[in-house]
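Top line first, the protein sequences correspond to chains R and S. The numbers in our numbering rise by one with no breaks, and the one at position 64 of the first sequence is 64. The numbers in our numbering rise by one with no breaks, and the one at position 92 of the second sequence is 92.
Please note that the accuracy of each hint is not assured.
[Unchecked claim] Pairwise CB distance ranges, derived in the manner of DEER restraints:
#1 Ser55(S) x Gly62(R): 17 to 27 Å
#2 Lys53(S) x Asp29(R): 22 to 32 Å
#3 Ser80(R) x Lys18(S): 47 to 57 Å
#4 Gln69(R) x Lys40(S): 43 to 53 Å
#5 Pro40(R) x Lys22(S): 46 to 56 Å
[Said to hold, decoys possible] Here are the computed lysine-lysine pairs in the BS3-like style, where the Cα-Cα straight-line distance is at most 25 Å:
#6 Lys41(S) x Lys9(S)
#7 Lys41(S) x Lys22(S)
#8 Lys22(S) x Lys40(S)
#9 Lys19(S) x Lys73(R)
#10 Lys3(R) x Lys115(R)
#11 Lys22(S) x Lys53(S)
#12 Lys115(R) x Lys41(S)
#13 Lys38(S) x Lys9(S)
#14 Lys19(S) x Lys53(S)
#15 Lys3(R) x Lys41(S)
#16 Lys9(S) x Lys3(R)
#17 Lys40(S) x Lys3(R)
#18 Lys3(R) x Lys70(R)
#19 Lys53(S) x Lys40(S)
#20 Lys22(S) x Lys9(S)
#21 Lys115(R) x Lys16(R)
#22 Lys40(S) x Lys115(R)
#23 Lys40(S) x Lys9(S)
[To be verified] Beyond 10 Å from chain S on every Cβ pair, some chain R residues (computed):
#24 Val13
#25 Thr27
#26 Ser42
#27 Met45
#28 Tyr50
#29 Phe91
#30 Thr101
#31 Gly102
#32 Gln108
#33 Gly109
#34 Gln113
If you're looking for bench data, these hints aren't it; they were derived computationally from the structure. Virtual Cβ for every residue (Gly too), placed ideally from N, Cα, C.
Each chain, written out:
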Amino acid sequence: AQKITQTQPGMFVQEKEAVTLDCTYDTSDQSYGLFWYKQPSSGEMIFLIYQGSYDEQNATEGRYSLNFQKARKSANLVISASQLGDSAMYFCASSKGSSNTGKLIFGQGTTLQVKP
Amino acid sequence: DTEVTQTPKHLVMGMTNKKSLKCEQHMGHRAMYWYKQKAKKPPELMFVYSYEKLSINESVPSRFSPECPNSSLLNLHLHALQPEDSALYLCASSQVGGGGGNTEAFFGQGTRLTVV
């Protein structure tokens, strides 16, 4: 079975600084996808970034980058130049194989607070 | 249009009521999902529809009844709920995977359900 572990229940970061949110995963599948979602207090899950298990390069999307270390089964999210609007809950998730990519298993989440 | 719309945003219902949650997307996605999220917990998958057919039911009690009338709509019918069913109910949609690549799920803002 797949499992996602996020060991940081809460994190603080100073505005304009970079922050890394940790995520490790456990799967025996060869093909899988790793996702990060942001959930503000409004409730919507906002897609941030995706990494496929066969992707050789780390994914980047604007201020977000994913530090993918396959051998260590880790997929940490790096947010550069933090903004006050980045304060939210962040979930790491995985999908099984390449089908039904909305069938996600989520980690417990990390609450990020950006300080002015 | 990369939006998943859920109605209502808030719902209070008694344990003997019957109500329905609605979800709509116009992205041409053929996979749609219902998730349940308790406060400060990750979302948990309830149902998956693929090409308008129920493909996954994660052992959800029968008081929750999903329906997919067409490729754009997904309903969740509620009947005889319990107070512990109070949660945020999230709808999501995605392409049906199989070709690899980034096929992330798009989520709606959710319906905050309170059962009294």
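A quick look at each hint next to the structure:
Checked against the given bound of 17 to 27 Å, the beta carbons of Ser55(S) and Gly62(R), roughly 34 Å apart, lie outside it. For Lys53(S) and Asp29(R), the hinted distance range of 22 to 32 Å is satisfied, since their beta carbons lie about 24 Å from each other. Taken as a hint, the range 47 to 57 Å holds for the pair Ser80(R) and Lys18(S), whose Cβ atoms sit roughly 49 Å apart. Between Gln69(R) and Lys40(S) the C-beta distance comes to about 28 Å, which lies outside the given range of 43 to 53 Å.
Between Pro40(R) and Lys22(S) the C-beta distance comes to about 22 Å, which lies outside the given range of 46 to 56 Å. The suggested pairing of Lys41(S) with Lys9(S) holds, with an alpha-carbon distance near 19 Å, which does not exceed 25 Å. Taking the CA atoms of Lys41(S) and Lys22(S), the gap is near 23 Å; set against the 25 Å cutoff, the hint holds. Between the alpha carbons of Lys22(S) and Lys40(S) the distance comes to roughly 24 Å, so the proposed pair stays at or under 25 Å and holds.
Of the pairs offered as hints, the one joining Lys19(S) and Lys73(R) is violated, with about 43 Å between alpha carbons and a cut-off of 25 Å exceeded. Between Lys3(R) and Lys115(R) the alpha-carbon distance is near 31 Å, which puts this suggested pair outside the 25 Å criterion. With a C-alpha separation of about 17 Å, the suggested pairing of Lys22(S) with Lys53(S) holds against the 25 Å cut-off. Simply put, Lys115(R) and Lys41(S) have alpha-carbon atoms about 24 Å apart, close enough for the 25 Å limit, and the pair holds.
This hinted pair checks out: Lys38(S) and Lys9(S) have alpha carbons roughly 16 Å apart, not beyond 25 Å. For the hint pairing Lys19(S) with Lys53(S), the CA-to-CA distance comes to about 22 Å; that is within 25 Å, so the pair holds. With a C-alpha separation of about 15 Å, the suggested pair Lys3(R) and Lys41(S) falls inside the 25 Å cut-off, and the hint holds. The hinted pair formed by Lys9(S) and Lys3(R) fails the criterion: a straight-line CA distance of about 30 Å is larger than 25 Å.
Restraint check for Lys40(S) and Lys3(R): the C-alpha separation of about 18 Å stays at or below 25 Å, so the hint holds. At roughly 15 Å between alpha-carbon atoms, Lys3(R) and Lys70(R) fall within 25 Å of each other, so this suggested pair holds. This hinted pair does not check out: Lys53(S) and Lys40(S) have alpha carbons roughly 31 Å apart, beyond 25 Å. For the proposed pair Lys22(S) and Lys9(S), the alpha carbon gap of about 10 Å is at most 25 Å, so the pair holds.
Between Lys115(R) and Lys16(R), the direct Cα distance comes to roughly 9 Å. Compliance with the 25 Å bound is thereby established for this hinted pair. The suggested pairing of Lys40(S) with Lys115(R) holds, with an alpha-carbon distance near 21 Å, which does not exceed 25 Å. Between the alpha carbons of Lys40(S) and Lys9(S) the distance comes to roughly 18 Å, so the proposed pair stays at or under 25 Å and holds. With 10 Å as the threshold on Cβ separation, the claim that Val13(R) sits away from chain S holds: the shortest Cβ distance comes to roughly 20 Å.
The beta carbon of Thr27(R) is kept farther than 10 Å from every beta carbon of chain S, the shortest such distance being approximately 16 Å. The Cβ of Ser42(R) sits about 6 Å from the closest Cβ of chain S, inside the 10 Å cut-off, so the non-interface label is violated. Against the 10 Å criterion, Met45(R) falls within the reach of chain S, whose nearest CB is about 4 Å from its own CB. Not every CB of chain S lies more than 10 Å from the CB of Tyr50(R), the least distance being 5 Å, so the non-interface label is violated.
Consistency note on Phe91(R): stated as away from chain S, yet its beta-carbon is not over 10 Å from all of that chain's, at 6 Å minimum. The beta carbon of Thr101(R) is not kept farther than 10 Å from every beta carbon of chain S, the shortest such distance being approximately 4 Å. Listed as outside the interface, Gly102(R) is inconsistent with that label: its C-beta sits roughly 3 Å from the nearest C-beta of chain S, within the 10 Å cut-off. Interface exclusion of Gln108(R) from chain S breaks down, the closest Cβ pair being 6 Å apart, not more than 10 Å.
Against the 10 Å criterion, Gly109(R) falls within the reach of chain S, whose nearest CB is about 6 Å from its own CB. In this structure Gln113(R) is separated from chain S by more than 10 Å, as the shortest Cβ-Cβ distance comes to about 14 Å.
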